Amino acid sequence: MKRFFDTELETFRSNLVMMGEIAVRQVRDAMKALIESDLSLADQVAAADDELDQLEIKIDEEAIRYMSLRSPVATELRLVVVGMKASHDLERVGDEATNIVRRVARLSAEPPIKPYVDLPRMATIAIQMLRDAMDCFLQIDAEKALLICQRDKEVDDLNRQLYRELSSYMIERPETTSRALELMFISKSIERIADHATNIAEEMIYLAKGEDVRHTEQTRNPDAG
Amino acid sequence: MSAHTLMEITPTTFAPPIADKPAQADSEVHQTLIDIANLDFFYGETKALHDISLKIPEKEVTAFIGPSGCGKSTLLRCLNRMNDLIDIARVDRGTIRIRDIDIYQPDVDVIELRKRVGMVFQKSNPFPKSIYENITYGLRLQGVSAKSRLDEVVERSLRGAALWDEVKDRLHESGLSLSGGQQQRLCIARAIAVEPEIILMDEPCSALDPIATARVEELIHELKSKYTIVIVTHNMQQAARCSDRTAFFYLGRLVEYADTQTIFMKPSDAQTEAYVSGRFG
Ligand SMILES: Nc1ncnc2c1ncn2[C@@H]1O[C@H](COP(=O)(O)OP(=O)(O)OP(=O)(O)O)[C@@H](O)[C@H]1O
Ligand SMILES: [Mg+2]
Chain A
775 MKRFFDTELE
785 TFRSNLVMMG
795 EIAVRQVRDA
805 MKALIESDLS
815 LADQVAAADD
825 ELDQLEIKID
835 EEAIRYMSLR
845 SPVATELRLV
855 VVGMKASHDL
865 ERVGDEATNI
875 VRRVARLSAE
885 PPIKPYVDLP
895 RMATIAIQML
905 RDAMDCFLQI
915 DAEKALLICQ
925 RDKEVDDLNR
935 QLYRELSSYM
945 IERPETTSRA
955 LELMFISKSI
965 ERIADHATNI
975 AEEMIYLAKG
985 EDVRHTEQTR
995 NPDAG
Chain B
4 MSAHTLMEIT
14 PTTFAPPIAD
24 KPAQADSEVH
34 QTLIDIANLD
44 FFYGETKALH
54 DISLKIPEKE
64 VTAFIGPSGC
74 GKSTLLRCLN
84 RMNDLIDIAR
94 VDRGTIRIRD
104 IDIYQPDVDV
114 IELRKRVGMV
124 FQKSNPFPKS
134 IYENITYGLR
144 LQGVSAKSRL
154 DEVVERSLRG
164 AALWDEVKDR
174 LHESGLSLSG
184 GQQQRLCIAR
194 AIAVEPEIIL
204 MDEPCSALDP
214 IATARVEELI
224 HELKSKYTIV
234 IVTHNMQQAA
244 RCSDRTAFFY
254 LGRLVEYADT
264 QTIFMKPSDA
274 QTEAYVSGRF
284 G
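Going down the list, the protein sequences come from chains A and B. Heads up, the first sequence is in my numbering, so the first residue is 775 and it goes up one at a time. Heads up, the second sequence is in my numbering, so the first residue is 4 and it goes up one at a time.
Bear in mind the hints are in silico, worked out from the structure with no lab data behind them. Remember, it's a predicted structure, so these values are computed and weren't measured experimentally. Possibly wrong hints are sitting among the right ones.
Claimed, not checked - Computed cross-link-like contacts, DSBU-like style, restricted to lysine-lysine with a CA-CA straight-line distance of at most 35 angstroms:
no.	chain 1	residue 1	chain 2	residue 2
1	A	Lys776	A	Lys927
2	A	Lys776	B	Lys171
3	B	Lys58	B	Lys150
4	A	Lys859	A	Lys806
5	A	Lys806	A	Lys927
6	B	Lys118	B	Lys58
7	A	Lys832	B	Lys229
8	A	Lys806	B	Lys62
9	A	Lys832	A	Lys888
10	A	Lys776	B	Lys58
11	B	Lys150	A	Lys832
12	A	Lys776	B	Lys50
13	B	Lys150	B	Lys132
14	B	Lys126	A	Lys832
15	B	Lys132	B	Lys227
16	A	Lys983	B	Lys269
17	A	Lys776	A	Lys888
18	A	Lys832	A	Lys806
19	A	Lys832	B	Lys62
20	A	Lys859	B	Lys58
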């Protein structure tokens, strides 16, 4: 039976979808600003972070109101709880995008110590993971969500590899230290974004199946050693 | 009512989020329709209501909640002077104004008042007559007899009570042949047939199953665009779902009155909080 408050859930869902779209846009723009040394785009990304902050607050308010007044159970209850958690992850993704653009000005002041190859590669995976996680929300697809969790390791590995590489730069050419550190921080931010995408994917598995897969074998990459 | 399935909560298209809309759906401010001021009420020597002051806005749903015996039904019955039918009942002090008319003034036409302030009871009580006659009864009393007019009111009222589709082919069967939930909606149809301004409902769903209850709740939600509704309920979830404002009573006193969201999310009185949390006593 349709209930008069169903529209409240629809609004709740579309706010979360919108947060997902904004978060993806922020990460994409942050990477573009970095690679193209586009300072005005960097400013734009920093300024837009507030959109995500406000949506997170709104989603929390709506969720608490819905739980207080509509007594949701089962899937509806999981949707509301998962929505709150996922919105928190998306808000943090926005923070990481802001962390990235904060370093653009300093990095663009000098020539790059090496061409941007690994960071864009990591970011491409992280963005795809985020997109896929939000698709799983729309489609309530637990199978696909599990695959996202397993991809987290790719990003972790790339981060570690880049970290080692940048460490050796710093030792060999100490004058690159500050720039190498900036790049390490950016790499870490991207790695965090993939972690948030993984959290969201885990939340979507919980939404679809009511099963908590966090810290279980299921979410590990089967190819990993 | 069955829980939502995954498919049901997965709309294929999304309405754009309404960015500026506050979480509370009804941001409109409605004018006071019923103004209860310093009301004391007695059954014989026993004071059942103590100094009640309460303003009920029009075209909203106001819920009265509180433990058994706290005076909810008594106050509800004051609003259309149904208590006049009880010998020992009397308003001792205070006033009740409906659109600035003091309804306890001696010159008030009580029949007219009850027409404006309809009532639906806990136990559905259709007359042992046909569905059609149940609805037209009040109008016939008022002298309306034109069949076309009566037919029109029957259809409008049954549609208004979300019952038309279920009974349109059996209008001349007894009202008692309907299910409990249908009977309750028939009583709501009967109440709206005379076009009241206010509908009082005293535990209208307490004898209904969850699906019939959900139907009546949906109906209440629809009716509030046209009517002012005051509902007594023991079902906290129902008060939370259906009402815009909630008044909590205890031992004949109004303890807290606020918008429903406040009562269920951050009541200011510890007794209210205990009651809505199911931890009273
Ligand atoms: N007709 C009556 N004669 C005498 N006392 C009455 C009468 N009706 C109610 N009372 C008393 O008035 C007080 C309030 O009763 P009321 O029926 O208004 O409570 P209520 O809040 O509606 O309770 P419930 O939730 O059980 O319906 C109670 O103490 C009750 O015993
Ligand atoms: Mg009662």
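For each hint, the structure was consulted:
1. A threshold of 35 angstroms between alpha carbons decides the hint, and for A/Lys776 with A/Lys927 the separation of about 43 angstroms lies outside it, so the pair is violated.
2. For the proposed pair A/Lys776 and B/Lys171, the alpha carbon gap of about 22 angstroms is at most 35 angstroms, so the pair holds.
3. The hinted pair formed by B/Lys58 and B/Lys150 fails the criterion: a straight-line CA distance of about 40 angstroms is larger than 35 angstroms.
4. Only pairs whose Cα atoms come within 35 angstroms are accepted, and A/Lys859 paired with A/Lys806 is accepted, the gap being roughly 28 angstroms.
5. Our distance criterion of 35 angstroms between C-alpha atoms is met by A/Lys806 and A/Lys927, whose separation comes to about 24 angstroms.
6. Note on B/Lys118 and B/Lys58: the hinted pairing holds, with a Cα-Cα distance of about 21 angstroms set against a maximum of 35 angstroms.
7. Simply put, A/Lys832 and B/Lys229 have alpha-carbon atoms about 31 angstroms apart, close enough for the 35 angstroms limit, and the pair holds.
8. In summary, the hint linking A/Lys806 to B/Lys62 is not supported, as the alpha carbons are separated by about 53 angstroms, beyond the 35 angstroms threshold.
9. Only pairs whose Cα atoms come within 35 angstroms are accepted, and A/Lys832 paired with A/Lys888 is rejected, the gap being roughly 42 angstroms.
10. Straight-line distance between C-alpha atoms of A/Lys776 and B/Lys58 comes to about 32 angstroms, which keeps the hinted pair within the 35 angstroms bound.
11. Pair hint B/Lys150 plus A/Lys832 does not hold up; C-alpha atoms about 54 angstroms apart against a cutoff of 35 angstroms.
12. For the hint pairing A/Lys776 with B/Lys50, the CA-to-CA distance comes to about 44 angstroms; that exceeds 35 angstroms, so the pair is violated.
13. With a C-alpha separation of about 17 angstroms, the suggested pairing of B/Lys150 with B/Lys132 holds against the 35 angstroms cut-off.
14. For a cut-off of 35 angstroms, the pair hint linking B/Lys126 to A/Lys832 is broken: about 41 angstroms separates their Cα positions.
15. Simply put, B/Lys132 and B/Lys227 have alpha-carbon atoms about 28 angstroms apart, close enough for the 35 angstroms limit, and the pair holds.
16. Among the hinted pairs, A/Lys983 with B/Lys269 is consistent with the structure: their alpha-carbon atoms are about 32 angstroms apart, no more than 35 angstroms.
17. For the hint linking A/Lys776 to A/Lys888, the alpha-carbon distance of about 58 angstroms lies beyond 35 angstroms, and the restraint is violated.
18. At most 35 angstroms may separate the alpha-carbon atoms for a hinted pair to count; A/Lys832 and A/Lys806 meet this at roughly 29 angstroms.
19. Between A/Lys832 and B/Lys62 the alpha-carbon distance is near 27 angstroms, which keeps this suggested pair within the 35 angstroms criterion.
20. Restraint check: the Cα-Cα separation between A/Lys859 and B/Lys58 comes to about 40 angstroms, which exceeds 35 angstroms; the hinted pair is violated.
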